[in-house]
Amino acid sequence: MAFPSLNVLRTFEAAARHESFQKAAEELHISASAVSHQIRQLEDILGVKLFGRTGRRVILTQKGEYYFNNVQQGIQILVQATNSIMDPMRDRQIRMSVVPFFATRWLMPKLETFQIQHPGWELAIQTSTQKSDFDLEDLDLVIRRGGGSWEGMHQHLLMEEQLIAVALPSVADQISSLQDLQKASLLYNSQVPSEWPEWFAKLGHEFTPSSARLEFQNNSQILEACLMGAGIALMDPQLLKNDLASGRVTQVLDHSVAGMRNYYLVYPESHEQRRSIPLFRDWIQSLLAGEAT
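The opening residue of the sequence shown carries number 1 in UniProt numbering; numbering runs sequentially from there.
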């Protein structure tokens, strides 16, 4: 009885995950025709069609979806076992990717607490706002800001976002109304440029800014610009406690609006059995619950 090689299964997993032979080829550093050939070879071995086509996209058939879910879990188990053999400390290491602003403003100041409570465990932290490939990056979990819709993932709400306008006190003193605020220099996050319009809309106020927009790549850059007096930022006060308490920045007006995006702990369903998951999840949820009381 013929059995598909691991190489063919890796190709199938990549093609199914990307819904594209071309993207799978780029990831695996082979040609798209080689991907197509290996998929046909796999379909011949199994005796079923794994993919159909919709325009330029390839989509999994029902049996293809079933096979993909199981193959992906199998590859993850192999990766985890291999890493454990090659790096014995991997079993006591938590590898994560965290959105930069949450990492610097909330998580990093708490790491000493984690080390005291969990001696012998290592944390490996990288920062990113992009979708992560848990296998390629060898990640246990990620912390992301979004709407809480990551298919095939376990997700735990960590922090519900509240947004206030903040600025240097000298800048805030010039603003006495929402009309004044719209005339001021507003700082935008290029990844979520709709935040200011959403904020005004939730206050029932039409958004008609009259100044040229200043756009930045992330909230860390926005805060730096704000501290230099470049304009007014939308920020979550939960991540600016020290800055607000010290008077480095101050709230502009008195409006607070629930954000459209929250912070979540996210990991694949197949990672549920890893010791690192409940360890870190329980620790961070306990800290956040303590701050909320």
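None of these hints come from the bench; they were simulated from the model. A couple of the hints might just be wrong.
[As the list claims (entries may be wrong)] If you anchor each label on the Cβ, the simulated ranges turn out as follows:
id : residue 1 : residue 2 : range
1  : Met228    : Gln22     : 41 to 47 Å
2  : Gln73     : Gln155    : 39 to 45 Å
3  : Asp91     : Lys202    : 17 to 23 Å
4  : Asp91     : Pro237    : 37 to 43 Å
5  : Glu161    : Asn7      : 57 to 63 Å
Note that CB positions come from ideal geometry on N, CA and C, so glycine has one too.
Outcome of the hint check:
| no. | hint | in the structure |
| --- | --- | --- |
| 1 | Met228 x Gln22: 41 to 47 Å | holds (44 Å) |
| 2 | Gln73 x Gln155: 39 to 45 Å | violated (18 Å) |
| 3 | Asp91 x Lys202: 17 to 23 Å | violated (46 Å) |
| 4 | Asp91 x Pro237: 37 to 43 Å | holds (38 Å) |
| 5 | Glu161 x Asn7: 57 to 63 Å | violated (44 Å) |
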